[in-house]
Structure formats: structure tokens, C-alpha cells
Amino acid sequence: MTRRPLLCFWALLAVSPARSSWTTAPVDWEYLPTPRRAAKADRDRIQNRIDAARPLYKEFINANQIKVISEGMVSENCGTSAFQRFVWEYLSTSCRRDLTTWNDAKRDARIAEAKTTYAINQILQLEVKAYNLAPISSQGIMSTSPRWNPAFSFVWETDSSGRKRLAADQGADYGVFQQGRQILIFPRSFFKDVANLTDKAQVEPGADRLALSLLHETVHFAATTKAFDDHGFRPVRRAYEKREEEAAANEAEADLLELMNRDETINGQQAPFTPAQIEHFRKKARDYRTQAKLIRDRFPDAVYETQLPSVYRHREFAKGAHESSREEPFDAIEVLREAAEDAFMRAQTDETNRVLEEIQQSQERMRQRNAQETTRSNSTRRGYGSESARSGPTRGPMSGNGIYDIPFSDLEIIERAHSSAVSKQAASARPAPTPTAPATARAVPQGPTRHQELARLARIACRDPYSISEDEFDRVWRFVRGAVSKTDEWKTFGFSDACERETFNELLKGASARENYSRSVMASIARRFRTNGPPPPIYTPPSGGNNRTEPEPAQLPPCWPNCVHWN
Amino acid sequence: MLAAGLSSALLYAGFYAFVLSHEEPACELPCPIPDHGGKSTCAPLSLDLQVSSRPIPSGSIYSVWHQISFQNQSCSNIEADVSVLLDGRSRLSGSEFSYLIWDPDGKPIAGPKDRLPFEPSVEPYRYDTNGNPYLREFPQRPGAVGFWYALRPGERLDGNSVRFDPHMEDDHPRDDRDAELPGSAYSRLRADLKAADKKRVTDGITGMRLLDPLPGYRVLEGWRFESAGRYRIQLIYEGSIFASRHTAWEKRLPFPLNILAENILIANARIPPSGIIEKKVRLKSPTREFTVAR
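Heads up: the protein sequence lines correspond to chains G and V, in order.
Quick note on numbering: the first sequence equals residues 9 to 575 in the working numbering.
Quick note on numbering: the second sequence equals residues 72 to 365 in the working numbering.
Bound-form chain V, shown alone (with noise of 0.2 Å):
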């Protein structure tokens, strides 16, 4: 009996010390935990701008080509609101993003001037929510507001560009013609509208100072810039991230082993106390230069 209790503090006491001595994969990335015991102080997620060089004609409100992307810089699963790189619109979630923009004297120049309204409401672009299978295909939590995406150590995830296709913006959204008024009866009609619809958007598009979208670039709208010369641009991404962790080892275990190896690991404060890190971030992209010309 004894004996039996002693083998088995024995082997205890032999897992114990294999738990401990247990080393978790080396961490390469700039902000290896983040915030674990409240004392780091990198960021683990990056905010990324890419500009395009071509000069932008001066007076449109179709501006800037650009792209942006975050990167999770830290070894545990970075979970942020990705709303803005759908589409460019946020979801209401708490989370705020902007743009900084200097013109060529180096003076910060205000908020979009022609934000609102665009007359009437046609859309030169439009985005291709298709275009990044990553931001198509994640699934979406039930009950989160916005679009949170979990980011895998080191994931980089860029935004959905826009592409070439005027339109009518409507808060009413309608199926296509075709499937609108089916069969041969209809046919008339739906030429009428699509006819309507043509020249609507022809119309509206009319005097705008567009270019051809770039691929994997998305467009700046709303800012005017009128005088020629180099200009600056910055992001800003405002919000609340949550991290957890991403490996864990012990969990691979057989029952019960996987529970003590837990266990232990808790109880010497080898893993975060919390199973979810929530850290408020204020992000900011590397300042680009871009060019307007007359």
C-alpha cells in the first residue's frame, strides 16, 4: 500500500517536473505575449498602408489608391474588428479608423471635404467582397458586433479592393432585373429599366476625374485636393483587441494527464491567468507619400 502511494507521488512528481521543464515552441515575432502580467509594452498587432505612386488628378473625390492590412505581430491568436477591410464601412462595433493626411506644406488638412453628398448617389467603384477568400470565409462568431477576425501568429490580412463598376447606391437593395421580372412578358420592361438604369448611372458618373482601379488597391473618397504637390497620408486604427492562446501543448495529452498538465501550468502562472487577453490598441500606419498632379 505504501509502496503503491510512494510510485505514484513518484510519477506525479516526475510529471510535475516534465510540465515544468516542458518548453513551448520559440517565439520569433516582435511582441511574443502580449501583455501577459501587464508589463509589455510592443504591439502585437500592426497596422499596414501601402500607396500607390500613380499621381492622383487634382479636384476628384476619388483619391488616394491604397491598401491596408493588419499583421498580428504576437504568438497568440489575435482577435481584432475587421469590419473596415470588407468594405470600408465600419459596423457600429467600437472600433475607430481614420485617415491623417498633410498637404504639401506639411499642415494637417481636415476631415473629407465633400463627405457628404456625393450628387446624386451614384458609385464609380465598388468593392470586391470576394476578393480575399480569408475575409469571405471566416466565420463569424454568433452574437459578435462587427466583423471580428482571429489572427494566427504572424497572419498578415489585407483588405478587399475595390473594382470598376458604376452603380446606383440604394438602402433598398433589389434583386437583378432579370430575376426581378422573369420570362419572355417581362422582357420589354426589363429593358426599359435597365435602359433607366444606365443612364442614371452614366449620368451620375459624368465629370468625375476617375482612374482605372488598380488591382488589390482600394480608393480614398470624400478627400479633394486641389492644389498640386506631395502629399502625406497615415492611418489610424482606435479599438479593443483580444488575445488568447495558440498552442497548447498539453491539451494534446491523454485524459486525465491533459487536465494536470493544465493544471499545473495555471497554478505556476506558466499560462495567462485569464483566458482572454483584452488589450485597447491605438494603431498607426508608417507615414506614405503620394503625389497630385494638376
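If we strip away everything but chain G, and leave its shape as in the complex, we get (with noise of 0.2 Å):
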């Protein structure tokens, strides 16, 4: 890495749009992932298991051609009604052939699906684990809440007459949180296919498109889960309710794909997404915010689409608009097994496992070679600060495309006019974002004991659990690890509150125990005690510094531009 990228990013980050995604949506930030682009070589691992399903793919449409052809050759041959198939099945061998045909057919269609969807659920947790993308906890504090358990579905819809069928356009939708219990990744996540995009700046089918995927629609899950930690259950959402979630979720993407380019950019790589495709992103949750807010003044109590005027209507909060579950349970590895397909299962199970290793393999090469390079940029940072600050505020890899400047949505368009004859209620005040400055990693640590290092940990979970990166914490909690538990040790301390205290406890716990543990699991810990307090940011940025909690480009340090150090 050079220097002059790495004093650019800070510049970056204080003066990037990103922030301003900051939303007043009833989500639980604390359920968030820290997600990142996984390594080229990781994408490539997850985009040849993509193409390996793909014929599997192909094998599911073809048997369920087959099966619904046969099904019109049955009626054709054999009648539409019980009693004609039984009469016609022992007279005519065409009508039993057909039978036979379509029976198989059902049958092949049925593995055919168990092993694509089988495929892909282990391509899930490729992804998952190579972008980062699993939330800090899987559920939440009740046990009636929903399980982040991400899984492969095909696209299901309702006929005419009530059956549940298949989507004739699989290529409709990326993903679904189904009734607030499972997420669901449909297949236009995955496969490429040239003419399908309908809108030229939405990103290809592939591993990164699937992380938005998973990102999106995890954010649904977090806003179902904070309902469950509020109320115990999930209070049907009003109208505004679902547009400011869905804003949010739209911003998680955006600000994944800012992050993801920053990523490259830093490596001194090119970015790897477009102003305009980023601004797709922008666009539909400024929309959405804005018809939330319209709603939310004018519609209040509005619950269902028919309860609101024409013109705010979006036919994908209809009721059964995102169905996408079929008629009959299905368990693919249940039907394999029935299938005596376990060789299949065993097969893709163990190439997962590969991969999993793999990747973890060059995640932990990644993670030493970004401490290195840490470790030298701060003592560079430091002499170089004052050149980066004088060069004053860069606008980043996105300045100069106009993509600031793009034409108002219709929904602004709808605000002003409505607002010429209304006057409007004060908005929503919003808690401003802290300022705080940027952090740095620190160097493995020398002097300090053990339990003042635990103590350190436990005041820094408490106050913001991500202003520590990754790899910092990995480096103190290797050295953490092994510490004596003593019951009093907390005393030594001066613990301000019974967060810090008790945080203190049970990492001591943890850490003589030689429990393996993570930065999320320090931040789940802290957040059994802590009482209130700002969420926490969403994203960590590649060096493991903080973007959520950068200052906003109006709050910038009084220093700003020609700040030397900023801590």
C-alpha cells in the first residue's frame, strides 16, 4: 500500500456521503454484520461454485419441463378426473406411458431441486463467511424471534386458482425476508446472464451481488429482531414503517458498495463498482425515505397499500407480493437421503469445507499483512499528516461524475407540491452521530498486564465496541488468553458503570478459560449490560478503522484542513 492512498482515505471518509445514510429506521444496528469484499481469490473460489451449480440448475428446469408437459399429456390422454385416469390408465399404453412419464418427471424434478438448492446453501456459507455478512447474533434476546439462517429458494407465486407455483421469471427478484422468519436468495443472485438486467446500473449476478443480497435483507431481519427485543413479537408495521426499513436496506447496499470500492482503491486496485451504480442504490432509498416521511405526516396509521392514495403505492408491501414458499414442505437433504443421493451430499459438503479452510487460510494472511502494514502506516501517518491535510478535503473516487448532482425524485417532486399547500410538521429530529476521531490501531501491547488489557477491552466494549479493529483485538486477545480469574480483580479498576464491570467479569471468564473469542462476541457480551447509549456503527473500514462514527463534513475537527494529528 502507498502512502498517499491511505492519507487520502481519511480525507475520504470525513468528507463521504455515506454517512448521511444515518436513518431513523427502527433497526437494530446491533444485529448488523461488519461486512467487507472478500479477497479476488475468494470471489473466485465462490464464482466456480456458482458456475458448478449451474448446470444443476439447468437440470431442475429441464425436469420440470418435462414434468409439466407431461401433466397436459396426461389430461390430454388419460382425462382431467379421478375415475376417467383409473379407467383410462388399464385400457390405454399411452395413457400409462404418460403416467409413467410424468411420475418420474415429478420425481426427478424434486431431486433435481433438493440438489440445486442443497448446492447453493453451501455456497451461502462461502459467502457469508469470505464478505463477513453473519450478523453479531444470529437471534435475539427472545426465543421466539426469528434465526438469521439465510437460505436458496426458487421463486414461488400464486396461480389464478390459489396453487402455489413456480415463478415462470426467476429472474424477477434477488431475495425476500418471508414473513419476517426466513431469508430467502433467489436465484437472480447467482447466475449471470447477459440480457437480463433490466436496468443497466444494477450489479451483475455473482459473489457480489449476493453479499447486497445478504446485506439487505438482513437489515430486515434486524428491524424484526429489535421488534422481538422490544415487544416480544413482531407488531404488524405500518406503511412508513416498511418504506423507512426498506430505505435503510437500501442504504446498507449503497454504503457496502462505497465500502467495497474503497477497498480496492486502497489496495490500488480500481473500483470495482460505478458512481451510477452506487447512486441505483441511493436513489431507491431516498425515494423510500421520502414516501416514508409523506406517510408518516399525512397517512399515519396507514397499515395496508389500499389505505393510501394511488400515488404511494408500491405493489412490493402488498400482501403475498414477496411469497415465495411452496405448497408442500421441502427439506432438499430429507429428499436426498430419500434419494440415496448422500454421495452428492458428501461430495459438496467436503469441497465446502475445502473452501471454508481456504478461505479462512488467506482471510488470516490478509488480517497479518493489513497489522503489518498498519503497524508501519502509523508511524508514516504521523509525518505525513500535515502534507494530507494541507492537500484539503478529496471528494474520492466518485468526485467530478456529477453524481451529486442528480435530478430530484419524483417524490420530491410530490413533497414540494404537497408542501405548497400544507404546512408541514417540523421533521423528525434525528440524534446526531457523535463526532469522534478517527481510530488507529494500536501495536501488540507491551507494558500493560493481562487484566489491565481486560479492563481496556471491557471499557471499549461498552463505550463502542468497533472503534477497536479486528485485528488489534485478535492481537490482545491472544495475549489476554490465559489470564488468572480472580474474583476481586474488577476492584483494581474503578469501573465506572456496571457495564464496564461486567463485561470485565466475563471477559476475564472467557479469557482464563482460553475461549476463543471474537470482536462480535465482545460486542454481544457488552450489550447484555449495557442499559442505553448510541447504536453502533455498521462498518468497519479495511484498515479496521470506523466509518459510521466518522464526524459528519460539518463537524469536522475545528483543525480541519490543516489538522496534523487527529488523535
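Please keep in mind that the hints were generated in silico from the structure rather than gathered at the bench.
From the three backbone atoms N, C-alpha and C, an ideal C-beta is built for every residue, glycine too.
Any given hint could turn out to be false.
To be verified - A few chain G residues that don't get close to chain V, going by computed Cβ distances all over 10 Å: (1) 245; (2) 272; (3) 333; (4) 350; (5) 372; (6) 506.
Claimed, not checked - Covered stretches of chain V, going by a simulated chain G footprint (3 or more residues, C-beta under 8 Å): (7) 204 to 214; (8) 329 to 341.
The task is to assemble the complex, starting from two chains supplied on their own in separate frames and drawing on the hints.
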């Protein structure tokens, strides 16, 4: 990594529009992951698995088509009623033949569907690991709250007779958080198709697109989990709340794209995503947020889309628009076991474990490299800081392309029109994020004792667990593992509140038991004892800092742009 | 009793001989029965490509004006996924459709250079999905993934063409402005929204080197040809097709002779043992040429 990009990176963080994505949506940010772009080798591994799953998908489509055609031939040759079929099956060879074809096709389609589902679920495991997409906790406090367990699904729809059937257009949607219980990811997130993208600013199917889909649905998961934590159940969401949630989910996707661009540009690569692709999600988020605000002001109690004027209605929020469950229960593993496809499952699982290990190793290597870079750049940044500061703010890779001057959305026009007639209520105030200086990674502790380091971790965990980078946490944790557990040790540190005290005790317990804790575990421990405070950030930048809690442009440090040291 | 039995046997023997001697109508198409018995090597379906002779401006992302069509070359019904004929989109239905293009030096050009994104997402042309009445009205089988069309023997099916209709692509399509905001109370708002729409679209297509649409043709998107000269183009379609019998003369016989005749034909392998034949195909269109001008 060169020095200059690193310096620009801090400046970029300071003025990035990404932080304007703070939202009032009822989402519990603590449940969200801290995703980042997978290394190229890992992306290639995932893409290879996607390519390998494509023939299975085709096999399913063909088996399904034979099922559909033979069903028609059975109706033609054997009649439509059960009695007719019973008689004709005895009399007609072609009827018997078609019934056999139909039954075989039904069985084949079921097995092919199970194989595709199983293979793609394995890919999801790789994706979650490679992009760090798992939420900090996969379930809320309540045992009844949904578990985070994303799975692959074909798109199912209800026909005019009320029966569930496969949707003809499998490329219509990326995923869904179905009925607030289960994240389903659809084929469109995986398979490339030259002409399939109606909007060309969308991200092409593949590993990156899959990460976006998973993150989007995880935002819905976080919102639902918060509802469970607060109420013990999921209250009926009002129309504006659905839109706020959607805005947050789209904003998160845009943020992730920007983050991935930064990951690459810091490493000296070209930004993989264009401003138009990022703007695609920002525009959607803006539209949803504007609409949510209008509806909250004018129709705060509306729940169903039919309670809204047509201009505000969205088909995707109408009941049933996102249904994707089958009529009969379907368990891919059970189907494959019944079909004696154990060898297929074993081969898939072995391959997944192998690739998971490779991803683990590659992440470990990257962590070590980043740690070295961070240590080096810490010393150089102080030397170059003034030069960076004098160079003034940088708008980043998107500057000069005019994306900040995009035309206002339809809803903004509508809002203007309404506001000329109706005096608006004051916009609901949102708490401004507290300006904090960018965190910097520290070297491995030399002087402090293990207990002192644990006390420091406890304080960080209760204040802002993500102000410490994963790399640093790992290093510190390796150091404190094996610390001697003492009951009254906490008294020597003068903790200011119960959260710090209890978190310290828990961390000490884990360290003395030589548990393998991660930063996420530390955050979840502190979360149990924390009573209030601002929501923690979603993302961490690649070098371990924190971009969500960076100051707003208007809240830059007083020394800007002549800062020499920010911390 | 014996006489009755004898006469029944004679009648059955006569009917048996009649069924076996009955000849199917002669098939004059190049591939009479696709893969009957697994020995056929002919392609039951052909892919055609027509290219306009009008020169294409260099550097434009909307380049080759062309038309694609499928033709059934067999005497069976051929069911194929024709999603791409509808609006150029695939429905992830398992079949793949790709273009091969060679530059004036005969070197293959790798993929569209500007597939993503065309900024902003403004489209100058739109598929006329009502253009081909066969594509518009064909009944889609319930539960099928993709758009499968059963071509009758010899039938040719052309793709929909495009017309000039600049618009913004939106993955949340909304109603028309007039339907969305009815009544005079919204007239000002409607006008504002329409004006904003128009400005976005006008700004979006500015600078694109566009040609007037050709009736009956569609345009290739994303490939940008910088140097002038004569290029070659070919289409490839890969996927599965399903063949089934088109004519079943025995079905027109009265009951129970229709069943008897059918059983006799199946027993003597005169009709395929399975009602459906699946065939994996890789269809290539003829190679055509087009000209890129400065």
C-alpha cells in the first residue's frame, strides 16, 4: 500500500456521503454484520461454485419442463378426473406411458430441486464467511424471534386458482425476508445472464451481488429482531415503517458498494463499482425515505397499501407480493437422503469445507498483512499528516462525475407540491452522531498486564466495541488468553458503571478458560450489560477504523484542513 | 360361439393390418422425426439471423440492427424456451443465448465492452411486446419456468422488434402518471412530474449516436465498435428442446378403436415409446456481415 492513498482515505472518510446514510429506521444496528469485500481468490472460489451449480439449475429446469409437458399429456390421454384416469390407465398404453413419464418427471424435478438447493446453500456458507456477512448474533433475546439462517429458494407465486407454482420469471427478484421469519435468496442473485438486467445500473449477479442481497435481507432481519426484543413479537408494521426499513436496507447496500470500492482503491486497484451503481441504491433509498416521511406525516396509521393514495402504493408491500413458499414442505436434505444421494451431499460438503478452510487461511494472511501495514503506516502517517491535511478534502473516486447533482426524485417533486398547500410538521429530529476521531490500530501491547488489557477491552466494549479493529482485538485477545481468574480483580480498575464491570468479569472468565473470542463476541457480551447509549456503527473500513462514526462534513475537527494529528 | 370368436379374431387381424399399413402423412421437412430411436443427427430446430445492411456509427452502444427467428425443421411439435424473442431478456430458464462477433481482421471480439452500466439508466428503445401476435397470445403452461413455445412442424417464429421510445428503466414500475394522479387537483403536479421525466430522459440520451429504428428489427446493445470496417456476427443458442408427436391420426378413430390402434402402434414401435423426447441442442445461426462507418 502506498502512503498517499492511505492519507487520502482518511480525508475521503471525513467527507464521504456514506455517513449521510444515518437513518431513523427502526433497525437494531447491533445485529448487523461488518461486511467487507472478499479477496479476489475467494471471490473466484465462490464464482467457481456458482458456475458448478449452474448445470444443476438447468437440470432442474429441464426436469420441471418435462413434468409440465407430461402433465398436459396426461390430461389429454387419460382425462382429467380421477375415475377417467383409473379406467384409461388400464385400457390405454399411451395413458400408462404418460403417467409413468409424469411420475418420473415429478421425482426427477424434486431431486434436481433438492440438489440445486443443497449446492447453493453451501455457496451461501462460503459467501457469509468470505464477506463476513454473519450478524453479531443470529437470534435476538427472545427465543421466539427469528433466527438468521439464509437459504436458497426458487421463486414461487400463487396462480389465479390459488395454487402455489414456480414463477415463470425467476429473474424477477434477488431475495426476501419471508414473513419476517426466513431469509430466502433467489436465483437472480447467483446466475449471470447477458440480457437479464433491465436496469443497467444494477450489479451483475455473482459473489458481490449475493453479498448485497444478503446484507439487504439482514437489515430486515435486524429490524424484526429489534421488534421482538422490544415487544416479544413482531407488531404489524405501518406503511411508513415498511418504507423506512426498505430505505435502510438500500442505504446499507450503497454503503457496502462504497466500502468495497474503498477496499480496492486503497489496495491500489480500480474501483469495481461505478457511481451509477451506487447511485442506483441511493436513489431507491431516497425515494423510500421521502415516501416514508410523507406517509408518516399524512397517513401515520395506514397499514395496508390500499389505505394509501395510488401515488404512494408499492406493489412489493402489497400482501402476497413477496411470497415464495411452496405448497408442500420441502427439505432438500431429506429429499436427497430418500433418493440415496448421500454421495452428492458428501462431495458438496467436503468441497465446501475445503474452500472454507482456504478462505480462512486467506483471511488470516490478509489480517497479518494489514496488521503489518497498519503498524508501518501509523508511524508514517504522523510524518505525512500535515501534507495530507494541506491537500484539502478529497471527494474520492466518485468526484467529478456529477453523481451528487442528480435530478431530484419524483417524490421530492410530490413533496414540494404538497408542501405548498399544507404547512409541514417539523421533521422528526434524529440524534446526530457524536463526532469522534478516526480510530487507529495500536501495536501489540508491551507494557500492560493481561488484566489491564482486559479492563481496556471492557471499557471499549461498553463505549463503542467497533472502535477497536478486528486485528487489534485478535492480537490483544491472544495476549490475554490464559489470564488468571480472580473474583475481586475488577475492584482494582475503578470502573465507572456496571456494564464495564460485568463485561470485564465475563471477558476475564473467557480469557482464563482460553476461549477463542472475536470482537463480535465482545460486543454481544457488552450488549447484555449496556442499558443505553448510541447505536454502534455498521461497517469498519478495511484498515480497521470506523467510517460510520466519522464526523459529518459540517462537524470536522476545528483544525480541518490543517490537522496534523487527529488523535 | 366358435364362429363368433373366429369372426372377432378375423376382424381384429384385419384392423391390426389396417393400423400397421396406415401411413403417416409424408414429412418433407429436413428433420422428419427428431431423435426417434436416438440415431437422428439433424437439427429439428434452426436459428436464423438477419442483419440490416445499414452502416452503423462507430462508438455507439446501440449497434447492429438485426432480427432473430426459430424455425421448426421437423414434423413433430418442438417446445423451446423463446424468452429471448420476447424482449431480449432471459428468464433464467436454463437456455443460453449469445452473440459471437469477429472484427474486420477476423479476430473474435470478447463480450460487450459496456454491458454495465449505461449511465444513467435511460433506454432509447423499447421492445414492442405486442409486435408478434403469436408471442403475445401463446398460452404459457402453468408451472413452466421461462417462456416455452410449442412450434408446429415448419412453423417459423420471429422475435419482437424495438421501437424508439426513450424512457427511464425502473425496477419498480409504476402506473402511468395520469392513472397515478387522476383529477384536476393534481394537474400541476402531473405536469411537473412529466416535465422532470422528460428532462431526465432527454439528458440521458444526449450524446448517444442513435439511428432511427428499422421496422421488424431489434438492436444489439452494449457492444461498441470503434474502428470502421466489415464485421461478422453469429448467434448461438444452447439449451434443451422437447419434441412430441404432432399428428395422431389414431386419436380420431372412434372409441375403443383409438385405444386399440394406439396400443398396436406402440407395441410395434411405430410411434416413440415416450410421449416426449428431450434433446439438448447447440444451434448456430448463419454468419452475417455488417458495416461500421466512421
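Consistency of the hints with the structure:
| no. | hint | result |
| --- | --- | --- |
| 1 | 245 | holds, 19 Å |
| 2 | 272 | holds, 16 Å |
| 3 | 333 | holds, 16 Å |
| 4 | 350 | holds, 26 Å |
| 5 | 372 | holds, 33 Å |
| 6 | 506 | holds, 47 Å |
| 7 | 204 to 214 | holds (count 4) |
| 8 | 329 to 341 | holds (count 5) |
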